[in-house]
Each structure stands twice: as C-alpha cells, then as structure tokens.
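Participant: Below are the chains, spelled out letter by letter.
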Amino acid sequence: MAYKIMEKEELSSDVKLLKVKAPLVAKKALAGQFIILRIDESGERIPLTMAQTDKEQGLVTIIFQEVGKTTNQLGALEIGDEILDFVGPLGKPTHVEHLGTVICVGGGIGVAPIYPIASAFHKKGSNLISIIGARTKKLLILEKEMKEISDQLYVTTDDGSYGFHGFVTEMLQKLIDDGLTIDMVMAIGPVPMMQAVCKLTKSYNLKTMVSLNPIMIDGTGMCGGCRVSVGGKTQFACVDGPEFDGHLVDFVELRKRQGTFRNQENKSTKKYDQECRLKSKL
Amino acid sequence: MVRQEMPTQPAAERVKNFNEVALGYTSEQAVTEAKRCLQCKKPRCMKGCPVEIDIPGFIAKIAKEDFLGAIKHIKQKNSLPAICGRVCPQETQCEQLCVLGKKSEPIAIGRLERFVADYEVQQGNIEIPKITSRLNKKVAVVGSGPSGLTVASDLAKLGYNVTVFEALHKSGGVLSYGIPEFRLPKSIVDREVEYIQKLGVEIRKNFVVGRLMTVDELLDDSYKAIYLANGAGLPKFLNIPGENLIGVYSANEFLTRVNLMKAYLFPDHDTPVKIGKRVAVFGGGNVAMDSARVAKRLGAEEVYIVYRRSKEEMPARKEESEHAEEEGIIFKFLTNPVEIIGDEEGKVAALKSIAMELGEPDESGRRRPIPIKDSEFVIEMDTVVVAIGQGANPLVGSTTKNLKISDRGYIIADEEEGQTSRKEIFAGGDIVTGAATVISAMGAGRKAAIGIDKYLKNRS
Ligand SMILES: Cc1cc2nc3c(=O)[nH]c(=O)nc-3n(C[C@H](O)[C@H](O)[C@H](O)COP(=O)(O)OP(=O)(O)OC[C@H]3O[C@@H](n4cnc5c(N)ncnc54)[C@H](O)[C@@H]3O)c2cc1C
Ligand SMILES: Cc1cc2nc3c(=O)[nH]c(=O)nc-3n(C[C@H](O)[C@H](O)[C@H](O)COP(=O)(O)OP(=O)(O)OC[C@H]3O[C@@H](n4cnc5c(N)ncnc54)[C@H](O)[C@@H]3O)c2cc1C
Ligand code: SF4
Ligand code: SF4
Ligand code: FES
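Quick mapping for you: the protein sequence lines, in order, are chains A and B.
Number 240 in numbering that gives the first Met the number 0 belongs to position 241 of the first sequence; there are no gaps in the numbering.
Number 249 in numbering that gives the first Met the number 0 belongs to position 250 of the second sequence; there are no gaps in the numbering.
Isolated chain A (complex conformation) (with noise of 0.2 Å):
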C-alpha cells in the first residue's frame, strides 16, 4: 500500500505542502501529533508534523522547508506520486485543555506544526493569542490560516520587510510588558529560537511547552536515537513526547545531537542536487 499526494502547494520558495492520501492515519490524527515517511526504497525516514488532517477525505497535511536530500526530493514530488512508507499518529497528543489566555508562537517551518495546536486550543475556547514570525516576508506561512483561529495574531519578520520589525521573543516580552495574564505559552521553532522564547517565559514563571524535533527513526521508541535530557532526565522524544516543559529541556545538547551527522547529510545533499542537474540535462 503506498500513500498518495492528493493536492500540492508552494508555501514560499522553499516551503511545500503536499495533502497525503492516508485515511486511517487521519482518522487518528491529534495536535501534536506526526508521522514518519519514507519515499522510496533506498530512503530515509523522516518525522513530520501533521500540519492538518481531513478525517472525510482521509488526507493529512505536511508542511516542510526544503533542507536537505530527503525534503528536498518530498518537494520534487507531483500530484498522483507515492510514497512508499507513510506511518502515524507518532507522538503524544497536546494536552489541550481550556485555558484564559494561551500564546502560540511559531517560528519559521514552526508555524506548520504549530497551527493543528492553536487550533485546538481555540476550539476549546480558549482565548488564543498567536505570534508567527519569520526571516523575511518571502518565507512566512499560513499567516490566513493563523489569521483565522487567533483572537490576536501578531506577525515579526527579523529584517521588518513585514509586520513588527523583530524576533518572535521582543513581541512576546512586549505583551508581557503590557500585562496581559498569560496560562501557557507554546513555542515551536529552531532551538535557538524555543530556548530564547524558554529564557524569557522562566523569568515570569510562565509555564512553556515547546515541540523538539532530535533525529528521529522508527518513532516508537525502539532505537533511542531521538532522546533528549529533560530536568535531567534522558526522555524519548518520539514517545514521550514530541511536547516539553520547555524550561526543563536541555537545548545546547539538544542542538548540538542534531547536528550529529551534518558532514554525510552535506554529501547526500549535494550527491542529490548533481543527480537532479544531470537528470535536467538530458
């Protein structure tokens, strides 16, 4: 059985989004949860949130940034195309409960992940205030999207080509400045990004939950690759996550496991990119 890519859409230059034929994982499908895919036979799999999923249809939504060989080749990927392997839901479900005032920030492709969360939360009713920030106004996404669940959304880009000139964090700092009573934040991004938005909320004491993406295989807790060191403890993110008290997380060594074999997936990727050149010349 292979799952098939009903719908495709190009976010920003290197932002897609592909619609998956896979019923019954979107029968099951919760925020915060996601998959593991795995294109074709010599691939590798890789985890992605379920940015969306339509139960009726029986189709999930993945949103991902083109970083590498694997992303990439997702991105090469048409409507009608299949992906071999294509298994969820992963991960524990958000605990979404209805709270005052809850903050969802997103940074970069962590706006994907984070909009199925905000969803949930506004559902529940409660009172959802969301920051998305982004580079440049070329790579931020979903802004309707976000637009559409938040009773406030705030948008940043670092240069101030749109939106309040600044990081997701001097926006989150300047509500907190302006008194507003906070119950949760939930902070979904680069690292660097979830650490500076955790050293911020901890001074306040604001409880933060933060998604962490380590390198993930089988999702099921097998292999141990994806653990993180939370309050100390050793933590499997794949099952005992994805989702974090945030001001426990060890970040630096986070950070640091993820670049584990940044030297082979520089080989892979160029090997690719010089692959596809040879293919677009014949």
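Heads up, some of the hints might be wrong.
If you only want the chain B side, here are some residues facing chain A, beta carbon under 7 Å, derived [stated by the list, open to error]:
#1 ASN205
#2 PRO240
#3 ASN243
#4 THR255
#5 ASN392
Hints are computed from structural coordinates only; laboratory data are not their basis.
From the three backbone atoms N, C-alpha and C, an ideal C-beta is built for every residue, glycine too.
Starting from the known structure of chain A, fit chain B with the ligands onto it as the hints suggest.
Facilitator: Showing chain B with the ligands alone in chain A's frame:
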C-alpha cells in the same frame, strides 16, 4: 568421525564486506555429517529444541540424500528453518543434548537444518501446503518478528484468517532490523516472510498498534483473538555520565541504521551512520557481538567489547564470539564503563572504565562482578555502542485495558498457551520473557497457536 567444519569467508576478507560469513555445507559435507548421527531411539537432542523438530528423522533423510524430504519434515514443525539453522544458539539447545557431545562432538544439527532449507530454495520450487479448511475467523497478530510469524503461519494452516500488524516498514522484527546481513542475509528473511504470506497471511506494515489502533479497537473491529508479539524493543542505557554525547548509540539505533536502513550503502541509501576510529561496545551478548562486527566492517580501526564479567559468562552464541575474535575485535573482560568523556563539541572523546572481579553467584547463577577500588582507567574513544539489553516497550501494554503487566513491564501470559489476563488476548516471545532467542519466541508462537485455536473452538 569428526564433525564437519563449516566453510567460512576468511576473516581478513569478510571484515571488508557485509556478505555472509558462514558459507554453508556442501551436499557431501551434509551427508557425511548426517551419517554420524546414531539415530537414537530416545533422541535427547529433541528435548533441546523448543519447537520439537524430529531431528533424527530429518537427519536420516539427509543421510539418504533425500534433501527435499528432509526439509519437508522440518517444516512440519518449523516454518523458519533457514533462519534457525543460522541463528539458534545450538550449543545450549539441541546440540548441547546430543549424546555424541559427551564423548566427542555433537551432530551439527543447525548446519544441517540450514543446508536443507537453502537446498530447497536453490531447487526453486518451495512447496506451499494446501490449506484444507477455511474457518472464516479473524485473528490479529501484533509484530512480525519470529514469534508473530510463527503463530500466523500455524493459524493460517489451521484455516484462520490472519492479519499481522507491523510498526516498521519491513517484516521480520529483530531478524530484519537487528541481526546483521553477514549473519542472516535479509533475502532469507524476505523469503521466509513470503512463504508465510503465501499461506494467506496478510501483513500490514506501517501500523503501530497502540497509536493507529489499540488492541481493544482491533478486537472490536472483527478480530476474535489477538496475539501480542511486539518484542522487547526498548533500549537500555547504563545511566552513566556522557551517554547522550554525539557518537553514543544504543545498539538498536546503530543496528537499525545499518541493517534496516542499509547505512552501510550510504550515500546510495539515504540513512547515514557515523563511525570513528575507536569504538567501544558495552555488553557481552549477541547484540554486542553484532554491533562490534558491524563497526569493524564500517571501517573502525579498533573495536572493543567492554564486558563486566569474564569470557565464561558471556551470553553470546559461541560461534559469534569466536568469529568476532577472528575478526580482530578486542575483548576487555571484567571491565565496567563508568563515564563517557566528551570534547567541547559534545562528541565522545574517551571512555573511563573500572576493573571488576567476580564475587558470589547472583540470581542469574553467574558470578556477580564487583568493582575493584581505585582501578579506573581511561581509553581514547570516539564511538560508543550500548548493547546491554532491551526492556519492554510499553506502547502496546499500556494502551490495552486490563492487561496484566509485570513489574518490569513484560506482559504476563500463561506459559503453556500464552493466554493473558484477558482470555481473548495471547502473548509470547520477548515481550513476555524479556530478550531471549529466536527459537524460544517461535516456540511461544507455536504453543499460542494451539491455545488460540482451542479458545476459539470452545467459544463457538
Ligand atoms: C517530531 C518532529 C516533527 C517535525 N516536523 C516538521 C515539519 O512539520 N516540517 C518540517 O519542515 N520539518 C519538521 N521536522 C524536521 C524534519 O524532520 C527535518 O527537517 C528532515 O528530517 C530533514 O531531512 P533532510 O534529509 O531533508 O535533511 P538533512 O540534510 O538530512 O538534515 C537536515 C537537518 O534535519 C535534521 N534531520 C535529519 N534527519 C532527520 C531525521 N531522520 N529526523 C529528524 N530530524 C532529522 C537534522 O537536524 C539535520 O541536521 C520535524 C522533526 C521532528 C522530530
Ligand atoms: C542484534 C540482535 C542479535 C540477536 N541474535 C540472536 C541470535 O543469534 N540467535 C537468537 O536465537 N536470538 C538472537 N537475538 C534475539 C532474538 O532476535 C529475539 O529474541 C527474537 O527476535 C524475539 O522475537 P519476537 O517475535 O518476540 O520479537 P521481535 O523480533 O522483537 O519482533 C517484534 C516486532 O513487533 C513490532 N512491534 C513492536 N511494537 C509494535 C506495535 N506497537 N505495533 C506493531 N508492531 C510492533 C516490531 O517492530 C518488531 O517487528 C538477537 C537479538 C538482537 C537484537
Ligand atoms: S530449530 Fe534451533 S534448536 Fe531446534 S533443531 Fe533447529 S537449530 Fe536446533
Ligand atoms: S542425540 Fe545426537 S546422535 Fe542422537 S539422534 Fe539426536 S542428533 Fe542424532
Ligand atoms: S525515534 Fe527511535 S526511539 Fe524515538
């Protein structure tokens, strides 16, 4: 007459490739070896085989050069003979009990089993038994390791409609992701899985029970009984400082990268693995031997097995530790790691260990290792593989209502037929016993098939 030696790839050659190490008997060797068997009236050897293969029976057929007859005979009891012939720890099972072992060397039962299984494949026509009765009853199996495959094939032969649910993208369990190609070629695992599919068993991969559907949901869905064979797939760590450094793998991760994901073919296969010059593997079982030998093949210059007891206590199959030794793996016995030391980038730089001595026997009957005071020493290292065992993965057990689980997380099941605290749920293999052997997992599957059949017949 002496026991026939197994031809192998020379050590200097084989450490450069992932091809099978043991090459298998020739027909002449097989017949010569088979003729050594005394055809005992009360064959002790059979007591050592958890699936009770008629050992003298199949050996007699080999002696008469009826190789296809021999494999047919084995398959009545064992649907994975090419695998068992390769990986069973025969020296503690069938061969340990062979009478010839008392005075000289036991019959090479495993090698003979392997020979006829391979012979059948070379002949091309693998016979699929006719399934005479169709019961129109659905049974679910969780996990496609040896235990799940065995129960599935036995139930299919009895006429049940069997579906196996497998979390990974490939069937076989540890046979696919754990045991390396050079010891158990994956084409053999695929072949055996195919055989079971030809019996009518459906295998649904990419299906994580407990996430996609729970056991209770499967039972509600139309499955009348379920067999849990999800294995002991939870890697253990020592919980010493430095275990999360870059360059420290659990054996499961290391072997999964290499075997399941074929990282040894990187970059033609996309999954990478990083191996340094000096590799330390913690542990003394099959998993440790496999990890060490894989590391060597990936190009490591020095590979150490760091084991806290002595050579005698090593639980690995004898053949594997001997092969490892031939391949230049360095054994550090009576040594216990205490800390992995990292550099500024968070990479493994060295290993600090302490010397041990053996004291009184512990509950496992082996002498307990005790640290020798002030005997710590440091060796430079850049990769560490932790192969000290597996525990129970809680995913299935914890998502199933009212299922009795032991303190250590294993599913509690009746030893005879595998029934659990819930009568429609059966379990066996590593998830019940803890990490054990392929053949014991299969034995549990065999017994559970009988149990499930009985349960379903009584109910209707
Ligand atoms: C739970 C989870 C959810 C994720 N959700 C999304 C998402 O919704 N959208 C998105 O764009 N990205 C997401 N990621 C990150 C995504 O998995 C990586 O970007 C992808 O694996 C990169 O693969 P590559 O071959 O293209 O790049 P590579 O060049 O191989 O790697 C680039 C970087 O990606 C990371 N990476 C590589 N392989 C893996 C792997 N097997 N598992 C995890 N990380 C890896 C490493 O840090 C690496 O340095 C998620 C990660 C996790 C763990
Ligand atoms: C590296 C290594 C080397 C070994 N060498 C030997 C040897 O030489 N000889 C020997 O006799 N034994 C050996 N063993 C032990 C032997 O492989 C195991 O005892 C045996 O495989 C156990 O079989 P099993 O069917 O119980 O479980 P497994 O083989 O572990 O299979 C369990 C299966 O269930 C799947 N699963 C788990 N959770 C779920 C879920 N939630 N949903 C769906 N599927 C799930 C897993 O993906 C896996 O495929 C070795 C083990 C390892 C790790
Ligand atoms: S299955 Fe294993 S234990 Fe049984 S006879 Fe064969 S090698 Fe021996
Ligand atoms: S005990 Fe040894 S000699 Fe006797 S039947 Fe078994 S294999 Fe043959
Ligand atoms: S990805 Fe293997 S244990 Fe989490």
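Participant: Hint by hint, note whether the structure agrees.
Facilitator: Consistency of the hints with the structure:
no.: 1; hint: ASN205; result: holds, 4 Å
no.: 2; hint: PRO240; result: violated, 11 Å
no.: 3; hint: ASN243; result: holds, 6 Å
no.: 4; hint: THR255; result: holds, 5 Å
no.: 5; hint: ASN392; result: holds, 5 Å
When held up to the earlier numbered hints, the structure conflicts with hint 2 and nothing else.
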